[in-house]
Amino acid sequence: MPEHQTRFSALEEKIKKAGLDAFLISTKDSIFYFTGFRYEPFERPFFIVVRPGQKPVFLTPRIEAENMATIAVPHLIVEYIDYPAPAGGSYIEALQTVLPADANIGVEMSITGETMVALSSWSPQVLPYVEQLRMVKSPHEIAAIRKAAKYSDRGLQLAMDLACHGGRIADTDKANAFLREEIAQKEGYLDPYISNIWQGIWAAPYSAQPHRFPEPSDTLIEGPNVGLSFLRVNGYSAETERTFFVTSPRKEDAEVFNTMIEAGKIGFAALRPGVSCHDLDHKVMEFLRAEGFGNNLLHRTGHGIGMGGHEGPWVAEGSDDVLQENMVISIEPGIYWRGQGGFRHSDTVLITNDGYEMLTDMPHDIASMTLGS
1 MPEHQTRFSA LEEKIKKAGL DAFLISTKDS IFYFTGFRYE PFERPFFIVV
51 RPGQKPVFLT PRIEAENMAT IAVPHLIVEY IDYPAPAGGS YIEALQTVLP
101 ADANIGVEMS ITGETMVALS SWSPQVLPYV EQLRMVKSPH EIAAIRKAAK
151 YSDRGLQLAM DLACHGGRIA DTDKANAFLR EEIAQKEGYL DPYISNIWQG
201 IWAAPYSAQP HRFPEPSDTL IEGPNVGLSF LRVNGYSAET ERTFFVTSPR
251 KEDAEVFNTM IEAGKIGFAA LRPGVSCHDL DHKVMEFLRA EGFGNNLLHR
301 TGHGIGMGGH EGPWVAEGSD DVLQENMVIS IEPGIYWRGQ GGFRHSDTVL
351 ITNDGYEMLT DMPHDIASMT LGS
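Residue numbers (the UniProt record's numbering): 1 to 373.
Please keep in mind that the hints were generated in silico from the structure rather than gathered at the bench.
No experiment lies behind these values; they were computed from the predicted model shown.
Heads up, a few of these hints could be off.
Restricting the straight-line Cα-Cα distance to at most 30 Å, the calculated cross-link-like pairs of lysine-lysine (DSSO-like) are [to be verified]:
1) Lys150 with Lys186
2) Lys150 with Lys14
3) Lys28 with Lys14
4) Lys55 with Lys14
5) Lys17 with Lys150
6) Lys265 with Lys147
7) Lys174 with Lys186
8) Lys150 with Lys174
9) Lys174 with Lys147
10) Lys55 with Lys28
11) Lys28 with Lys17
12) Lys16 with Lys28
13) Lys283 with Lys265
14) Lys147 with Lys186
15) Lys186 with Lys28
16) Lys17 with Lys55
17) Lys283 with Lys251
18) Lys28 with Lys150
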């Protein structure tokens, strides 16, 4: 695929500029990004060794060698026996046939500690090159994320359609199976190796704990519930989140809800190429702190979305990232009130040449988010 070769060329330019001899790609999402190959390493390491001006070397366990030969990108294959392996058959010994002992090499940010130890004789530099390339999406990737965003909206709507006052979270979990079947029928195939379909409802007051997994017995009562649709469809991700009510919102809930909406509007209004992610998050957080919610903030305004549901750029105070055209991010400021619940909407958003485009499209207003109103 020409797009894959373009990605290798862009990485080679970064390698040359840094004065490196080689760069090692080792994570399964990065392997998919550069080759389109679906790979689950389990315990056996696999590397793509990228050297400027040369074909990439796929260093692979013998059990995967035949599969690797089918990859369309021009490449060389170097096999090792297995992991663990007897003397003469290990992946490090195979790598030594490709890289001189004094080679100056770089590795991905997400490399495992075990692999870093194994590579220590080369003193590898941990560098964000792959992560930087992945931040800016190609037209093909944007189309895939756009499709995932439509399914994300659909999944959350299915879950909310199953929600009612007094209902259990277990009843809303059926949305996962419904959406999975719907996507498989429409797309013809839902690849289990690069797909993940998940919808969940955080019932109040547990919605104040955004990383607490819902229990099947949690019950929907008054207060702010948070619905989340988080999925990856055949390689690319999107997310939709909404705060909703199954009874008429209390006055205090409506006030916090509307403040959360205003925080989101501040975030959206700042979106355009050249904007610092630190400054964007700071602007949103300063508004929420000024509104008296400084002690009710648990997380940043957003994050990047692509093959991974959470990746750069990081829309957070302290981030060095700067928005560029064709980045895809979430905007999701949240307010969390212990014992009452959480208030958070999240949308998947494309940065355009003069602003942004919403890829998710569910209503934001409190009337639409009050079920049965």
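Satisfaction of hint between Lys17 and Lys28, Cα-Cα up to 30 Å: holds, 26 Å
Is it true that the CA of Lys17 sits at most 30 Å from the CA of Lys150? Given pair Lys17, Lys150 is violated - Cα atoms ~40 Å apart, limit 30 Å.
Quick one, are Lys28 and Lys150 close enough, alpha carbons at most 30 Å? Cα-Cα ~26 Å, so holds.
Regarding the pair Lys283 and Lys265, is the alpha-carbon distance no greater than 30 Å? holds, 11 Å
Distance restraint between Lys150 and Lys14, which requires alpha-carbon spacing of 30 Å or less: violated, 35 Å
Tell me if the straight-line CA distance from Lys283 to Lys251 falls inside 30 Å. holds, 26 Å
Straight-line Cα separation of Lys150 and Lys186 no greater than 30 Å? holds, 12 Å
30 Å limit on alpha-carbon distance, applied to hinted pair Lys17 and Lys55: Holds, at about 18 Å.
Can you confirm whether the C-alpha distance between Lys28 and Lys14 stays at or below 30 Å? Status holds; Cα separation ~21 Å.
Straight-line Cα separation of Lys147 and Lys186 no greater than 30 Å? holds, 11 Å
Can you confirm whether the C-alpha distance between Lys174 and Lys147 stays at or below 30 Å? holds, 22 Å
Hey, Lys55 versus Lys14, does the alpha-carbon distance stay inside 30 Å? holds, 16 Å
Hint check: violations occur at hints 2, 5; the rest are consistent with the structure.
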